[in-house]
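Participant: Since chain A is already given, all that's left is putting chain B on it; use the hints.
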Amino acid sequence: MKKKVLLMGASGSGKTSMRSLIFSNNPASLTTRLGATIDVEQNHVRFLGDLILNLWDCGGQDAFMDSYLTTQRSTIFQHVGVLIYVFDVETNEMHKDLEYYRDCLEGLRQYSPDAAVFLLVHKMDLARDRDATFEKKKKDLQEQSDKVQGPAAIPVTVFGTSIYDESLYRAWSSIVHTLIPNAAVLSKHLTIFAEACSATEVILFERTTFLVIATSSPPSANLEPTRYERTSELIKAFKRSCSRVREEFHALEMELPQFSAVLDELTKNTYILIIVHDPAVETAALRLNVRMARRKFEQLQGLT
Amino acid sequence: MPSDGDSFLPRIQSVFYAVFDNSLGPTIVYQVPEGLIAVPPPNANTLATPVTEQFAPIEPPGLTARNSSTSLVSPSDARPTSRSLYSPQKRSGSSTRFLFNFDDISKYVIPQSQLCGRLVTCSTKRHRIIGFPVQLKGKYQRNYLRYNLCFVFERGADLSCYEPVVRKVSRVLTACEEESEFLSSPNTSPAIHAILEQLYEDLNSYAETSIPIDRFNSIELKIFPFYPNPPPVKDWMVPLALINLDKRIEANWDLTMVKVCRHIDGVNHVSRIAHLADCDLALTRLAISHLLYYQVIMTIDIFQYSNMYTLRKNIQTLAVEADVKEECGPYVTKPGKPIPDWPQLLHLYSRLKPGKTVLEWMVKHEIHELGIDVRRFTSFGVIKGFLRRVHRWPVLLPSEPGTPVNEPKRTRVNSLSGWAYSPSPVVLPVDLSPSQILLRGRAPQTAPVVPSLSPDLASPPMPLSPRPTPATVSAATPGRTRRASAAEKVLEQLRNRDIQKTGGSPRTSWIQYTDPTIGITATTPTPQDSPIRAVGGTSQSRRQSLSFLPANPPPSPVLAKATISATLTPSRPTLSPSVSTTTVPRNGRESTPFPKELLPLLDGEHHTDELAVRFEAGWPLLEQWLMAIGGGEGPGDFGRVAMIYR
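So the sequence lines, in the order shown, correspond to chains A and B.
Following our numbering, the numbering of the first sequence begins with 1 at its first residue and continues without gaps.
Following our numbering, the numbering of the second sequence begins with 1 at its first residue and continues without gaps.
Heads up, some of the hints might be wrong.
Here are the computed lysine-lysine pairs in the DSS-like style, where the Cα-Cα straight-line distance is at most 30 Å [unchecked claim]: (1) Lys234/B <-> Lys259/B; (2) Lys107/B <-> Lys4/A; (3) Lys364/B <-> Lys353/B; (4) Lys107/B <-> Lys168/B; (5) Lys364/B <-> Lys2/A; (6) Lys356/B <-> Lys334/B.
Where chain A lies over chain B, by a calculated footprint (3+ residues, C-beta under 8 Å) [as the list claims (entries may be wrong)]: (7) 13-25; (8) 108-115.
No lab work stands behind these hints, which were simulated from the structure alone.
Ideal placement from N, C-alpha and C gives every residue a C-beta, glycine not left out.
Excised from the complex, chain B in its bound form:
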């Protein structure tokens, strides 16, 4: 994000008008400023001092003077078209001013017919030239008039905002030529020079211009900065104004925008803003998106004491920047307290690590005594860009070794993430044996999450674990091959140990999915014997379409490919109807009721902020839910819910 909020308009180095002369070939007729582009003289006089390199790429031996009697129009002064001898000093003196040779690019300025009528950009070593070559058919000597009005920039410039300008200029000139032979008639063509000059001056100075050409035509141009599309706005993002929005609000602004702007304070997140402003959430998102597009706001994250932050690599450069050093102290200190110096603040920043919450950090370093406003402290770091938030991505691991239903299909990934936001069921069978998850280190891949089993879903097929239940039908998609890897075997062992720990029964009844309406379709030969509900035909078909795992996966977790596994340790034979959907009767312990919809989201694709906003639960509550889901034993232990910090 540019710090000044404006997009940078590249400066025009030169504007020139080139034409295909019937006897000279492609030549520059006018260029502004003069003499920046080298045009080879029609007479290369061998008697003169050898010309500088800018003039002729190679001096062929014995190139004698040619008697050329033609010349298109009286050229500008610097153009050496006259036949008189040039004083060599004059030429060599001005050689340093040349940007490049016209010869190098002439074939792209006046190209063959196939390139005419299109925007053509070419580059030399240090410059970029953009033009719109035109081939106009008409009563000309050689049946066509070919010309091009080009703009020259630095090579690294971003020309996206000039493209419409070039097109328009060409369009207007073509229209003038067709109507009144503006370009080809010798009376009016000198006016082109004036047009070039005005274009060059006005566009560079004011980014807009209005040039009358004749009584009926004029060139009206305005350059609009070209911003890239803003990133998608999520409900858990917190917009922070970079300019004083209230001052800019006008009476004719969009109503939603006005309402939304009032609540942008760097603390409220998007869904909160929607609530406070009493606006529709989708409209609020759009408004924020708009503000992001114009780069007048930036987004940071919700501040909670349970957040974790870490420094980014650019701290090395930013830590010594004057504005960072000077602004930090006053910004983060509470009013009335002494301002700590920058080294101390930097030290505090460096103590923030992933895995350590802000609360822990505060306690350890006695932030309170220092009089530092922690929210402003962290947001300063995020805004300046050297601190970043470490999110928690919870992943629900299957409880049994053999459970995972694997969806070897990689395409699952998309469906899974899409699925998160839609109630449609199905779990995306993502398969992946936990081992894969661990190996990859990327949460989403491995969560063997239970397939969406929201009650409202029609019995979605469950991908999953191969629990054997003769009763279950829906065989998963047949014929999926699984391969066990050594790592998986290790993981299996680990899981076995886990299971031992938890009492062995994979029937972690917490499986909500024991929703009676949900059918389990896996029929895997797991040792579990809990009955699995049969899935209705619809789920069956649905499953098929989802290509869930095969019905009889081998006991070892075999995952053909890592994809998001949304399989719960299936086979929870525990899907016995007796299990209430919301409670997790695990080993008889009481647990906090948690919403069923949470389960499918525990696939590693949704971090806790998102979940918190979605279910309107703060971290403490969410923490409890996760513990309940995962069957953790005590505070901090999430049981089967693995937490990935990223």
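Just chain A, with the same shape it has in the complex:
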């Protein structure tokens, strides 16, 4: 199944950097070497076996934007699954940005009325007062979106992101989550699995991007809300270090006084992370469970 994801935004707002970080696994420092995107760059990312994300990274210069809205209008805006619009938090051309944004939303409504819209306020690491800035921006954007959409409004979700921390992973995980067809089913099964392992939580990650696909139902305990994205970020950094010594990362087992964790391959394109706080449970047992559950999950993902 193919889903078209439109990645648009002002020029220099960070679209290609995001793409490079999440989908190409480059570290954030390397993104400074990227050049400007000429017209549209298309990527096909295989996600979860049968889900292919057709990512359209659209250059943000005026000439390109004008062309997307006029000559290429139908090509760009047809069959879109998700529109991700990126705003640079530091921009001094907010007016122009918003204007283009409204036009794009119009175009989207015209050709793909069922598409989901995510707004990313990017480069949040440069904002001085992060939370306040974000809240203000979020309000503004909501207003603008409502202006365009009118009665049949598409819900718009706003995230604040930066490539230098885990916020990007959170945003993208949510985005991808909406594209996965059977997220709820996966969640249910993960919950059952968590119970079987006496685990606190079980998280399902996508193999290459390490975006969170599904999780078991959140435990009652008070856990850090940003744990998912932070885990993603940490594991990705670890994978990169492994590749630097020319080794491939396969699995991770941790036994610490506070908890035990097992990160292992579940299916061809997913990883599973099991966190257990019960000291009696051994990691070997967890791995055994993973082995036994593998087939079921493969079936769920339609791989068998």
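Facilitator: Chain B alone, transformed into the frame defined by chain A:
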């Protein structure tokens, strides 16, 4: 060939410099002449009168003004980048001047990385744009500087001479940018406009320019017309000067060229020139080739009274052209004689037909009385292009029905023509039954010529006819399949009749190939019983490699494919050693001795001019030889040598 001898340089319609602006995207920074290429304004103000089509391809509904505060450089006047409202009249008034929209081609002017660093040409409906996009890595805001300096021409222009110019300009600009940030720094970038202007003016007017860029760099350009490669020069071609060569000769010219030029008079053919000028033939050919390249000479053919000419289709248009009508009379008339008028000359031209020699034509129309110089008459027609020479292409047909050795391989053709010029033997087995020849109407294919049997050749295997001779070895390549066609059967019958006429014996001893050294390798079950010489092992192998016909071809001429058949009616059992190589004892008649090397060339690939020059024989002598070869009975009858007029 262009009549003026010069190649035409297309005119530059516009030169522009485009850059990828970090916020505007691909934009034209400067263009000369101004305003010819439409650039969409950054603000499309809905309050203004709807813009003309040139400005925006589609006017989207509700496109409001955008507050753009950026602009790369102060643009030229016509570029509508300022935010002020334009008077609609101004825009619509200049709309007719626009060549095209930049939007249409912007993706080829500033393309993706894969196309950068290559010459990129794109076309719009009426124009062609050639440029060399550059992606320069450096300390720029977005890590790369992308730019392109393009030239705009008419769509049908031939841009081959501008390609090196575009490349060089780009190279020089890149070097300047790398050294001193010439293109990106705001101090020096206005100089680009001046450069564009100078390029536009100088290249159009003088086809060369020299533009200093800064203290160390300059653009030096000169456009050289791009001529195509000349056709190969053959020995029998006659060069004719189109300009006064003697006036152009300078002291530092190549010696051969100087010597050769003196003898170019429209009468001497290349090998004659080589002889007269006392130069090596190969060098002479090269010199003529050079002159052809620069289009200062043209080639016509050797004039003989036995030539045949015919009118070409373009006579319809050329007959009414003033220069043809006026020049013909004075050119063709002998001095001191009254000049005939054009209708009369045209009538005479139309009487030239293939099959009728010039001599016959002269006699019939009493050209002599008219005082027309026939050589100039025919050469005038050839030069102007409405008359063309009809060559004779002799093909030697096999004498027997079953003879042909066929080389079904099509690849033979190449080897055959190559073979003509080299002494290497072998006949290219071209097979083709005469029927094929006739059917195709193209000489080369069918001549069942005898394989080269020059004495100097090692016994080449003979492809050929299936003559049965147990003595012969070299079986031809085995397993060639032959298919007889109905036409072939008819031909066979005809040939049978021929044979009857000539006494039945296929042993047309004229087969020279009865050279004792030549082995006949065919072993075909022909009725002939003449002994065939066995071929030595070498010839055998050679034959194999040539893939000659199978040893036992069926009696009927079967030709799998038409290729040049250089097979002689083989099986000439007549290859008996008793036959002298040069005589053709045919039915006991005396014949003119002819050179053995001639035989292989009778495959339809070489016309009589070529043969004449090669053997240094005029047509009368050549005619006699051909009659001797073909066993003709009287004048005009070439016997087995078929003449193709083409």
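Participant: If a hint holds in the structure, say so; if it doesn't, say that too.
Facilitator: Structure-based check of all given hints:
1. Lys234/B <-> Lys259/B: holds (18 Å)
2. Lys107/B <-> Lys4/A: holds (23 Å)
3. Lys364/B <-> Lys353/B: holds (13 Å)
4. Lys107/B <-> Lys168/B: holds (22 Å)
5. Lys364/B <-> Lys2/A: Distance ~85 Å between lysine 364/B and lysine 2/A Cα, so the pair is violated.
6. Lys356/B <-> Lys334/B: holds (23 Å)
7. 13-25: Satisfied; 6 residues make the cut.
8. 108-115: holds (count 4)
Going down the numbered hints, you'll see the structure goes against just number 5.
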